[in-house]
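S.K.: As you go down the protein sequences, you meet chains A and B in turn.
Per the numbering used here, residue 1364 is the first one in the first sequence, and the count goes up by one each step.
Per the numbering used here, residue 15 is the first one in the second sequence, and the count goes up by one each step.
Among these hints, one or two may not hold up.
[To be verified] No more than 25 Å apart at the CA atoms, straight line, and that leaves these computed lysine-lysine pairs for DSS-like:
# : chain 1 : residue 1 : chain 2 : residue 2
1 : B       : Lys428    : A       : Lys1455
2 : B       : Lys382    : B       : Lys435
3 : B       : Lys120    : B       : Lys435
4 : B       : Lys120    : B       : Lys78
5 : B       : Lys428    : A       : Lys1389
6 : B       : Lys435    : B       : Lys257
[As the list claims (entries may be wrong)] Here are the simulated distance ranges between beta carbons:
#  : chain 1 : residue 1 : chain 2 : residue 2 : range
7  : B       : Ser249    : A       : Ala1447   : 49 to 55 Å
8  : B       : Ser352    : A       : Glu1440   : 37 to 43 Å
9  : B       : Arg357    : A       : Met1364   : 47 to 53 Å
10 : A       : His1421   : B       : Val252    : 44 to 50 Å
11 : B       : Phe296    : A       : Thr1397   : 55 to 61 Å
12 : B       : Ser249    : A       : Glu1440   : 24 to 30 Å
13 : B       : Gln242    : A       : Ala1443   : 39 to 45 Å
14 : A       : Arg1366   : B       : Gly436    : 31 to 37 Å
15 : A       : Ala1447   : B       : Met437    : 20 to 26 Å
16 : B       : Ile293    : A       : Thr1397   : 42 to 48 Å
17 : A       : Gln1401   : B       : Ser155    : 32 to 38 Å
18 : B       : Pro337    : A       : Thr1397   : 52 to 58 Å
19 : A       : Glu1440   : B       : Trp362    : 16 to 22 Å
20 : B       : Phe275    : A       : Met1364   : 31 to 37 Å
[As the list claims (entries may be wrong)] Here are some, though not all, of the chain B residues that point toward chain A, as calculated from beta-carbon distances under 7 Å:
#  : residue
21 : Glu281
22 : Ser282
23 : Gly436
24 : Pro439
Please keep in mind that the hints were generated in silico from the structure rather than gathered at the bench.
If you're wondering where the values come from, they're calculated on a predicted model, not measured in any experiment.
Beta carbons: idealized from backbone N, C-alpha and C, even for Gly.
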Amino acid sequence: MIRINCPWCGERNMVEFTYGGDAINKYPGLSEETTAEQYFEFSYLRDNPCGPHLEYWHHVNGCRQWVKVKRDTLTHEVLATGPADALLGGEKE
Amino acid sequence: MQNAVNGAHQIMNRYSALEVLKGGLTGQKNWERVWRAPEPKREYDAIIIGGGGHGLATAYYLAKVHGMTNIAVCEKGWVGGGNIGRNTTIIRSNYMLEDNANFYEKGMQLWEEMAQELNYNVMFSQRGIINVAHSDAQMDSFARRGNAMRLNDIDAELLTREQVKELLPMLDYSSKARFPVYGGLQQPRAGTARHDAVAWGYARAADMRGVDILQNCEVTGFDIKDGQVQGLQTSRGVIKSKKVGIAVAGNTSRICAMAGFNRLPMESHKLQAMVSEPIKPFINTVCTFGAGHFYVSQSDKGGLVFGGDLDGYNSYAQRGNLPAVNHVLQSGMALMPSIGRLRLLRHWAGVMDMSMDGSPIMGTTQVKGLYLNAGWCYGGFKAIPAVGFCFAHTIAQNRPHELNENFTLNRFEKGYLLDEKGMGPVPGLH
């Protein structure tokens, strides 16, 4: 069972959360310089590492805040958590 | 060539009634190895990475159809130790989009003749599959899917509530049912097979045609020069080859990273399955419950084999978490309350490539001589013979077979998605 340390509520069981997916990719934004290529990469391409992975979890059955989690995809160990805009290391520019 | 001829002779005789009787009278001690354990050669005409169902079937068809017998299968563990031993063995071709429907239907036809083809009892049982419907809207969508299947010459029957009740009497038909049964969609030719036998059957048949199956041979790197693959670095040394096929479901991103393209349109997720204690014959078809993510069939040993949804987060661990088990069993209880007293015997998980549109990727890559077969999502087991047939064609001819020509890696960029349900780019929603 994975337990996630919510920055607002403390350590909670994973069943209180839903998975929000990859947090390595950076949303390309809506400026006029943004290209279709950037959206393709953001929408479709994944690092998919075996090891530490950055991801979002939504504390939907708790405080309803989005949490950024660094978790090992092989051992399921949660290595770090923070608010959704936290930099946990490994984010793409 | 001499070996191949002898090999064909052995295929005919190895498990005759007489041989089995002889084996029994001599304490089962004198059976030969079913496939060789060769040392890697320095160079092969083609190497397949991954000794699972897909890799072994590909090697078999390369040897059988394309006459390539100087080939090897590199397996990091043992044959059949990956997802082919971790699935729920269901075989069906009830797809809607033409590319998927034609591909899986080819697979279904190959399943129907596999035991004869390999001279190995793969216990293919065409017991049919019934997708149960729980609303008018779901009946409409099943009618649409069934019609799409029939237009592709695939068998499909839309069942009324009464017909479902006759075939699946154990469902909850009471007025208190959480999801009342409205009817169902049946594919009578669907079924199940014995998963290990499929791996062993293909391994034996490929070996007899001269394919080297290299177990405990983990790929650690690629040798690529001027955009052309030259060979592999493995835990058993450097092996040269100008053609390399990747069939490593779940670990595709890791292997592809070694070849220099690590960002792929897929994520690795785990899917669990579980089996109950053995019971008397209870259900003689495959039943799926789309409203609650649950499906069930009964194995020949008598255990009910359950499956459900993904655990939901990226994972390379071949083990599941309890919330998904809970969810599957709660769904099962809602559909067939009579299983409530059963004890669960085992549960396990397989790591799968979840592609961004729910459909597979098979074809050439930007590296010459490197071929990719990946992204099989929930469909890997039933795809085995068709993958072997088409991937062998892709490798031997250096271009896709017409059945897999739209399973390209660049379709995501071009917008030619094969998204059966129109779910969008979220792996796991398909």
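S.K.: Among all the numbered hints in the text so far, which are the ones the structure does not match?
M.R.: Going through the list in order, the structure violates hints 2, 6, 7, 9, 16, 18 and 23 and respects the others.
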